[in-house]
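Number of protein chains: 2
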Amino acid sequence: MKQSIMFKNKPLIKSWASVAGKKESEGPLGAYFDVTTDDDMFSGKNWEQAESRMQTEAVKKAISKSGVGTNDIGGIVAGDLLGQLMATSFGISQLQFPFLGVFGACSTMGESIAVASMIVSAGFSDNVIAMTSSHFATAEKQFRFPLGYGNQRPLSATTTVTGSGAVVISSKDDNSNETPIFIEGITIGKIEDYGVKDSNNMGAAMAPAAYSVIMANLKENEFVASDYDCIITGDLGVVGGKILNDMLLHSGVDITERYMDCGVEIYNLNSQDAHSGGSGCGCSAITLCGLILGRLRRGEWKKVLFVPTGALLSTVSLHEGNTIPAIAHAIILKGGK
Amino acid sequence: MKQSIMFKNKPLIKSWASVAGKKESEGPLGAYFDVTTDDDMFSGKNWEQAESRMQTEAVKKAISKSGVGTNDIGGIVAGDLLGQLMATSFGISQLQFPFLGVFGACSTMGESIAVASMIVSAGFSDNVIAMTSSHFATAEKQFRFPLGYGNQRPLSATTTVTGSGAVVISSKDDNSNETPIFIEGITIGKIEDYGVKDSNNMGAAMAPAAYSVIMANLKENEFVASDYDCIITGDLGVVGGKILNDMLLHSGVDITERYMDCGVEIYNLNSQDAHSGGSGCGCSAITLCGLILGRLRRGEWKKVLFVPTGALLSTVSLHEGNTIPAIAHAIILKGGK
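Those protein sequences? They're chains A and B, same order as listed.
Under my numbering, the residue at position 108 of the first sequence is numbered 108, and the numbers go up by one with no gaps.
Under my numbering, the residue at position 225 of the second sequence is numbered 225, and the numbers go up by one with no gaps.
What the hints contain is simulated information worked out from the structure, not anything from laboratory work.
Accuracy of the hints is not assured; some may be wrong.
One copy or two, it doesn't matter: identical chains are merged, so the pair holds either way.
Unchecked claim - Calculated pairs, DSSO-like style, for lysine-lysine (alpha carbon to alpha carbon, straight line, at most 27 Å):
hint : residue 1 : residue 2
1    : LYS60     : LYS2
2    : LYS10     : LYS65
3    : LYS197    : LYS45
4    : LYS141    : LYS22
5    : LYS2      : LYS65
6    : LYS303    : LYS219
7    : LYS334    : LYS10
8    : LYS141    : LYS197
From just these sequences and the hints, can you work out the full model?
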């Protein structure tokens with residue numbers, strides 16, 4: 001039961017785009033995003049519509065940057081945090097692409113890239129979009145409390161990122177002068193459940209899933225941590241990141257020198273009141289489509305492991321006294337041939 | 001932007017299993033299900049746990065019927081109707097397979113088979129499971145009213161099926177004496193939204209999605225309706241099925257002689273008080289894993305188009321005054337070489 005697939009035909013990430021909310025735009029990565037805003041409603045009628053609008057914008061921007069004609073897009077693999085993928089249903093319906101809806105909580109960018117890259121590598125389509133989003137207000141409303149309550153959250157809680165990221169995954173090099181970015185392989189995660197029940201400490205719930213998929217990626221491919229310039233988790237935050245590194249060290253794997261968490265990078269944790277860091281599908285998505293792919297393109301990194309992490313939290317299961325299962329998927333990204 | 005993929009390496013449906021609730025077991029298809037019950041709680045503590053237990057049972061049964069060792073299962077593609085795929089997170093976590101969570105509402109069996117068959121056809125794995133479920137009580141609680149309210153529903157409303165179906169999709173013929181069942185191709189659906197806002201008439205919301213994907217399947221592959229022994233929608237029910245046939249006739253395509261809807265087949269609509277018919281991910285899944293695959297195996301049908309239909313309904317979007325977008329995916333199943 002091997003979790004890793006190394007591609008013979010390596011798909012490329014041809015283009016990418018990110019749309020970020022106000023707080024994210026004001027954070028340390030603000031300059032990297034394609035679209036930033038002062039209006040987290042994105043001129044919409046409600047928060048959910050705002051999230052859908054970010055998606056539409058991110059997808060359109062990614063397509064226009066790719067140079068691929070809309071008619072040559074074979075489909076879109078996408079999802080979000082909301083029940084029944086509400087943001088996505090409305091965010092992409094007007095685009096009229098063949099659509100596969102995926103859910104992996106905050107690991108969704110990993111899952112959508114995994115599925116889209118398999119489709120492209122297999123030759124079923126030449127261009128497939130992977131996309132996801134999250135919005136602070138839609139997520140708080142769904143998983144915690146409506147914003148109007150002014151509810152306080154503990155320091156272990158993370159802050160759901162308002163943002164959407166989209167990538168165009170293609171089979172062909174466009175012969176540009178820019179460094180191509182290849183998806184060398186993927187490692188599909190398994191559900192890990194260590195019994196954590198605290199929805200305000202999802203970093204702890206997700207760390208075992210990140211541990212499990214990183215270990216599988218290294219072992220199955222006979223890699224060592226130093227094969228990567230950086231190993232990047234999605235949204236473990238300060239608390240979960242420490243647990244992950246402790247777990248890996250316990251297994252003799254030291255990634256401390258090359259570890260980064262999108263949730264820690266996205267806000268200034270000293271001044272932005274983001275608690276343990278950013279989270280949500282959008283967190284790893286816009287960090288990928290802002291910071292990470294840019295560094296690979298500019299040659300600052302050669303090879304990274306991108307590991308979006310997801311807490312499969314449902315308010316129903318939580319209120320029924322259940323644990324928070326988690327999953328993470330790993331994507332091997334390599335700049336240059 | 002072609003929606004259809006015809007497989008060069010055609011994956012097989014090696015085995016399948018269905019678990020059905022009490023009402024479904026008492027219906028016309030009762031004799032076809034692998035596991036039937038008098039207890040819709042499946043000895044669980046709550047409805048959600050019952051749904052998860054059906055999933056575990058369906059997957060285990062499908063694996064044991066396949067003759068494939070658990071270690072040779074490459075992964076599972078699965079989902080359900082509940083927010084954040086709660087039934088699936090708990091239903092499969094113990095099985096420890098690489099997992100891709102998918103959501104297409106009641107079209108999920110189509111989507112999970114589409115993704116799993118692409119993975120197997122491409123040679124990324126030799127055996128992948130596609131699975132889904134629904135449960136009347138978990139769905140009513142989430143989308144309509146808790147059962148205890150005794151709420152009345154109009155005749156256009158469908159009844160969510162309690163059941164789970166799982167298939168093992170494999171790359172190799174097992175050289176048995178039985179007729180092999182091949183997945184010849186798939187047609188991935190686009191979101192269709194004709195503005196229907198009545199959550200008690202999801203057949204009407206979904207009919208355009210079924211129409212769109214059936215038309216794409218026929219046109220793109222230069223097929224005619226009579227190439228199929230049967231064209232089978234998931235859960236349009238009596239109301240939606242009539243709309244679909246009208247729409248197709250309007251486009252010059254007559255499938256009336258070879259049309260079936262899983263939601264209409266699964267209950268005795270005269271005596272079982274199921275209104276417009278069955279619905280839910282489980283509806284098409286257990287009809288596939290009970291009636292349809294059996295008929296193909298026995299040679300009663302040679303080739304069918306299986307079209308699970310999904311209403312991308314969210315209670316949040318509905319309460320915000322939104323429409324019900326819908327999607328359907330089509331799977332070409334062929335018995336014999």
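Tested hints:
1. For the homomeric pair LYS60 and LYS2, the shortest alpha-carbon distance between copies (19 Å) is at most 27 Å, but the shortest distance inside one copy (36 Å) is not.
2. Proximity of LYS10 and LYS65 under a CA criterion of 27 Å is satisfied intra-copy only: 20 Å inside one chain copy versus 36 Å between copies.
3. Taking the closest pair of Cα atoms, LYS197 and LYS45 come within 27 Å of each other only across two copies (18 Å); inside a single copy the shortest separation is 34 Å, beyond that limit.
4. Taking the shortest alpha-carbon separations for LYS141 and LYS22, only the intra-copy value of 18 Å comes in at or below 27 Å, while the best inter-copy value is 36 Å.
5. When the C-alpha separation of LYS2 and LYS65 is checked against a cutoff of 27 Å, the pair qualifies only between copies, where the shortest distance is 22 Å, while the shortest distance within a copy is 35 Å.
6. When the C-alpha separation of LYS303 and LYS219 is checked against a cutoff of 27 Å, the pair qualifies only within one copy, where the shortest distance is 17 Å, while the shortest distance between copies is 43 Å.
7. In this assembly of identical chains, LYS334 and LYS10 lie within 27 Å of each other by CA distance solely inside one copy; the values are 10 Å within and 32 Å between copies.
8. In the homo-oligomer, the alpha carbons of LYS141 and LYS197 lie at most 27 Å apart both inside one protomer (19 Å) and across protomers (23 Å), since each shortest distance falls under that limit.
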